[in-house]
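Novice: Sequence:
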Amino acid sequence: MPELPEVETVRRGLDQWVAGRTIATVEVLHPRAIRRHVPGARHFVDSLAGRKIGPVQRRGKYLWLPLDETDALIGHLGMSGQLLMQPAEAPDELHLRVRFTFIDDGPQLRFVDQRTFGGLAVSPGGAVLPAELAHIARDPIDPSFVDEEFVAALRRKKTEVKRALLDQTLISGVGNIYADEALWRAQLHGARPTDQLTRPAARRLLAHVRDVLGEAIGQGGTSFDALYVNVNGESGYFDRSLNAYGREGEPCDRCGAPIRREAFMNRSSYSCPRCQPRPRVPGLAGVRR
DNA sequence: AGTTGCCCCTGCGCGC
DNA sequence: TGCGCGCAGGGGCAAC
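Under this note's numbering, think of the first position of the first sequence as 1458, with each following residue one higher.
There is no bait here: all hints are sound.
In silico EDC-like cross-links for lysine to aspartate or glutamate, where the CA-CA straight-line distance does not exceed 20 Å:
#1 K1615 to E1605
#2 K1509 to D1562
#3 K1614 to D1604
#4 K1509 to D1528
#5 K1615 to D1652
#6 K1509 to E1484
#7 K1509 to D1525
#8 K1509 to E1526
#9 K1509 to D1472
These are computed hints drawn from the structure, not numbers from a lab.
Assemble the whole structure, with the sequences as input and the hints as a guide.
Specialist: This is the structure in structure tokens:
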């Protein structure tokens, strides 16, 4: 569920609550939550106890907590993961997977994940940038993101533009909601072939991606239900600003035509049938419906 | 080598 | 009331 704005909101909260604190104990309540930590649960627990956490980092939808400026604890929220700060006396959440306590006896850090697509792992030597995240591109909020490199790489691809936006090795942090929102703003249908986009069109799309992500961060992300909340259990408010995602049948905020929903990769895409017409003569990438 | 699908899970809302 | 189906903010990896 969480995309860049939601993960960034969690990162900021985590940074306030855990940076500078030292882990006392770690409890793994579900093995799937650390399946990416190959050496196993015992090793995971042992390599975290006594470690001091540094400033919380993010790339795309991944988070990491530097440990003593050497290793890192990597986290991904998947579709339903939460990182929550809780007092020790708070009852265990139904889907509590991993619990961290600290030597200061302050609030616990809890990883809660209904669908278990998320997970945690320790990255040896990963404090600056975990090697496990080397394949993740920079996100468009990152000051080191190079716009013209993205524009060129996008236009080199032979795929549909929405698929490209979701490709975390090309541009990270964008998921199903914000891809649809950026495409709505750019008035592009997601099935448009990337190699037919002009440079100006690609630049406009990138600007809209960056804008919508930034605005959503300002609202604390998008919450449709209790599955996405920040570290204090609070919802975000960007759902009020959505123009396309989840709005099937509602009037387009630009032209009034009813927003359409189309099947896309076992999910859905939302767009305006008038502002975002399907590509006319489909190239090879545009045949699929 | 680049691109496309399948699959991993749990829970909720809907229609019958 | 109950059950089956479709659907949900993601991504790794096998198969083309």
